[in-house]
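Trainee: Just need the whole structure built from these sequences, with the hints factored in.
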Amino acid sequence: MIHSIGTRKATYLATPEWTSVPWKGCKKEPKQHLLDLMMEIPALLQTVDSVYNASDCHQKSQRLSRVCKVYSSLSRRLRAWYETYKCDYPSKVHWEQPSSLHLSYAIPQERAPSTCICFPDLESGHIHLLYWTSHVLLFSNLGMLYLSCTANAPQGSQPSIPPFPCDVQEMHNMAVNIAKSSEYFLQPKTVALGACVISFPASIAFGYFEYYNLPEYDWFRQIFEHTKMFGVDMEGFLDAVASETDLELVVC
27 MIHSIGTRKA
37 TYLATPEWTS
47 VPWKGCKKEP
57 KQHLLDLMME
67 IPALLQTVDS
77 VYNASDCHQK
87 SQRLSRVCKV
97 YSSLSRRLRA
107 WYETYKCDYP
117 SKVHWEQPSS
127 LHLSYAIPQE
137 RAPSTCICFP
147 DLESGHIHLL
157 YWTSHVLLFS
167 NLGMLYLSCT
177 ANAPQGSQPS
187 IPPFPCDVQE
197 MHNMAVNIAK
207 SSEYFLQPKT
217 VALGACVISF
227 PASIAFGYFE
237 YYNLPEYDWF
247 RQIFEHTKMF
257 GVDMEGFLDA
267 VASETDLELV
277 VC
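Numbers 27 to 278, taken from the numbering used here, label the letters of the sequence shown in order.
Hint data in this document are derived by calculation from the structure and do not stem from the laboratory.
One should not assume that every hint holds.
Here are the simulated lysine to aspartate or glutamate pairs, EDC-like style, with alpha carbons at most 16 Å apart [claimed, not checked]:
id, residue 1, residue 2
1, K35, D75
2, K35, D272
3, K95, D193
4, K35, E274
5, K215, D147
6, K54, D114
Remember, it's a predicted structure, so these values are computed and weren't measured experimentally.
Mentor: Okay, structure coming up:
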């Protein structure tokens, strides 16, 4: 899935032949339904890239309107899935509690969350992370696209672009949720598996915090230093993925 998103090309994994036919007579788990929705992201990112490649302002405006329409549909279905998941599995919701790592590092209080997010188990935690990451990933790509559209508009003209389709504060809160979840996944007893689970979400949230120089950026850096105590170099891993692959999860 991550590779498909990083290639920014529509994938057969989002076709009905893959998402429906093989599953006839079988009940899908909630996570599989979520993954089906996430497999629509590569095609949406391909549409995003088509806006960058538009030949003129009119074509760019048309393609951007198409992006917003497709995004709104996917976002709405992701939200509907999440509400159903919380309703059907009330024991799988997350909660917050005081952070122990918050007191362990010399970071100004306003630049580090005082609470961490916990989950009943790693699997349900992974589901919440994937949901938040889907939204933050799309938000980040759309944010970069809108910046490009406004910055590259002909001088003296008013760019004809639709309203930004994301709730900025809500998207920011989801990125913060990913940061607050790090402590749960990187506990000493589960750090090896937890680091694998949170690496993809962390890369998306960390990139967002870094680009806008937000307070949680410092927190993630301390989290990365913390994992080195257990032989897990998350920061090195994320840097290697960025430098050694052609995947583009977010185009800046």
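Trainee: Decide if the proposed pair is consistent with the structure: K215 and D147, CA atoms, cutoff 16 Å inclusive.
Mentor: With Cα atoms ~13 Å apart, K215 and D147 stay inside 16 Å; holds.
Trainee: Starting from K95, check that the Cα of D193 is at most 16 Å away, please.
Mentor: Roughly 15 Å separates the two Cα atoms, so the pair holds.
Trainee: When you check the alpha-carbon spacing of K35 and D75, does it fall within 16 Å?
Mentor: Holds. K35 to D75 sits at ~10 Å (cutoff 16 Å).
Trainee: Are K35 and D272 close enough, with their CA atoms no more than 16 Å apart?
Mentor: holds (13 Å)
Trainee: Is the straight-line distance between the alpha-carbon of K35 and that of E274 16 Å or less?
Mentor: holds (11 Å)
Trainee: If you draw a straight line from the CA of K54 to the CA of D114, is it 16 Å or shorter?
Mentor: OK: K54 and D114 at ~14 Å, within 16 Å.
In the structure shown, no violation is registered for any of the earlier numbered hints.
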